[in-house]
Amino acid sequence: MSEALIQLKGVTKSYTRGKQSVPIFERLDMTIPQQDFVAIMGPSGSGKTTLLNLLGGIDKPTGGEIVFDAKRMDNLDESKLASFRAGNVGFIFQFYNLMPMLTAAQNVELPLLLTKLGPKARRERVNTALSIVGLSDRARHKPSELSGGQQQRVAIARAIVSDPKLLLCDEPTGDLDRETAGEILSMLQTLNRDLGKTIVMVTHDPEAARYAKRMLHLDKGHFSEKDLAA
Amino acid sequence: MTLIELVRKNLFRKPLRTILTVFAIFIAFAIFGVLATFQNAMNAGIDTAGADRLIVTNKINFTLQMPIAYVQRTRGVEGVKIVTHADWFGGYYQDPRIFFAAIAVEPASYLDIYPEYLLPPAQRQAFISDRTALLAGETVAKQFGWKVGDRIPLKSNIFQQKNGSDAWDFTLVGIIKGETARVDTNFVIFQYEYFKETRSFGGDTIGWMIVKTQSPKDNANVMKAVDVMFANSPFETETQTEQAFAKAFLEQAGDLGFIISAVVGAAFATILLIVGNTMMLTVRERTNEIAVMKTIGFTSQRIFGLVIGESLLLTVIGGALGLLVAWLLSFALQNATGGAFGPMTFTPGIAIWSVVLMAMLGLLTGLIPALRAMRINVVTALGRK
Ligand SMILES: Nc1ncnc2c1ncn2[C@@H]1O[C@H](COP(=O)(O)OP(=O)(O)OP(=O)(O)O)[C@@H](O)[C@H]1O
Ligand SMILES: [Mg+2]
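Protein chains in written order, with this note's numbering: chain A, 5 to 234; chain B, 10 to 394.
Same shape as in the complex, but just chain A (with noise of 0.2 angstroms):
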């Protein structure tokens, strides 16, 4: 496998309780190589939106290290962290989140507001990231004139339009019947394996986690490891 992309070194997360400190993670240590598509299933409150919240830099770890690109990002200041998220993470929830009074190409454009391109290559971004989930003859729709399956592409053409190299998905085929799950999921799979996108998705559904190229299970703080592709 070639290199690092992300590390966490003796990651320990806690949240305190009223008086009472609740760990979810104790001295946890993970890889995730360059152009890895691995799944993350375990049981509910294991901790996988903690993780996935520690690897986008949304949430900080009580210690230890997280390296992302060569570059420590646990210590960034919160102003750092999201040009952090802005420029390297693109996000997939498993309720879409768009903003339901901007159109589909209004929705992805939301993060190059972010940076200092023009009007014009905005534009030629945000086309070229809906015909990539093949949304193009979409673009003018609003959120609640768009289905399901196809909102969640138009939030996966938010999540690649800044180009990011790192993919957060949380649950994202949760809310959707199989067969739009299964478009969601080659859709990914295409971004990883043509784009060369990095992706980290939590699943409850073993059937979505096949398309990953390795499944970790979390359980009570660590990781137990399956291979997908045997």
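Everything labelled a hint here was simulated from the structure, so no lab data went into it. Note that the structure is a prediction, hence the values are computed from the model and not measured. Quick reminder that beta carbons are idealized off the backbone N, C-alpha and C, glycines included. Certain hints may be false.
Said to hold, decoys possible - Computed far set for chain B versus chain A, every beta-carbon distance over 12 angstroms:
(1) Gly99
(2) Ala110
(3) Ala271
Said to hold, decoys possible - FRET-style restraints, in silico, Cβ to Cβ:
(4) Pro104(A) / Pro357(B): 38 to 44 angstroms
(5) Lys151(B) / Pro104(A): 43 to 49 angstroms
(6) Lys151(B) / His145(A): 57 to 63 angstroms
What the hints assert, rightly or not - With the C-beta cut set under 8 angstroms, the calculated list includes, among others, these residues of chain A facing chain B:
(7) Ala86
(8) Ser87
(9) Leu121
(10) Glu128
We have chain A; now place chain B with the ligands onto it with these hints.
Chain B with the ligands in isolation, oriented as in the chain A frame:
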């Protein structure tokens, strides 16, 4: 799309709510604009008063008379440049309900002392040389549709003619324009000589004097010297600057400034609550979306700016509409009152004040919601699903 468009799209997501809020802001600014126009009219006399002009009235009451000999004696006081005099005629034209000032004056010196009254030289000459000449301010001339050359009979609700007639005949020889829109031209003037000789009582007395000093620095000395000169006579005087006189005159009508401030203050306090509440609601409803924007990479400062931008846009739209209507109303008010309360002018000062108010209102109402939006925690907000 730009960030500003994003703000606009956010603002009009709940169109009805936004329109109602804009309407409330609109009302507040329209009230402000109209009352400020009104106050402007009332204060025009104070604001356009000459810094080097003094008013000499009878000390007991400014409606009482003084001997005409006072004019010559005052002309001898050191620091005095021009002295003229005037009499309140209490005049009206056909309809006593339509108010304007009608004043009997000494023609040349009166026009000299008020350089803000603009008049062609030929009309000035006609006024000085014709005993029954009348000059009308533009407001009055417009009100009644008078033209130069018209014969104008004026009646007085104070005086009668010696021959028993209650109407004086005049010839309109000129129309006085104000140097600026704020100069009150709701008046007519005519010759004191004609007035004195024909009136049935009054004799050689005048209503008040207007004194122009060499410079405003001489005001204090002249005021003192004049009042001392006439002290212990049957007609003691009180000399004030024109500005103080105008102010005292206005205050007879009550503290208008305070009333206006109170009304405007109440309107804006209400608006502050309404808009603040709307913005708070808006942010609460969008907690999840704001968390998503932060996830995508919007910094807290940018989120803060977007929310403040939204409340600013809200107050600017409502405020601008209110101003526009107040501006249009100022013309209607001027027409409706015929300038009876002074010139209803919508000055740049009102617009500037309104813009300041819009900015303050927008910032103030946006502040707490924006701080709240800025502090939304992505982990907990997105974890709620
Ligand atoms: N902000 C928080 N404050 C306190 N405890 C939290 C917080 N977020 C998560 N937790 C706790 O951390 C644990 C892991 O939560 P997490 O959401 O990561 O689980 P998950 O594996 O994603 O679960 P699910 O499959 O239900 O989505 C849970 O016990 C949860 O109650
Ligand atoms: Mg979860």
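Results for each hint:
| no. | hint | result |
| --- | --- | --- |
| 1 | Gly99 | 66 angstroms, holds |
| 2 | Ala110 | 59 angstroms, holds |
| 3 | Ala271 | 40 angstroms, holds |
| 4 | Pro104(A) / Pro357(B): 38 to 44 angstroms | 42 angstroms, holds |
| 5 | Lys151(B) / Pro104(A): 43 to 49 angstroms | 56 angstroms, violated |
| 6 | Lys151(B) / His145(A): 57 to 63 angstroms | 60 angstroms, holds |
| 7 | Ala86 | 4 angstroms, holds |
| 8 | Ser87 | 6 angstroms, holds |
| 9 | Leu121 | 12 angstroms, violated |
| 10 | Glu128 | 14 angstroms, violated |
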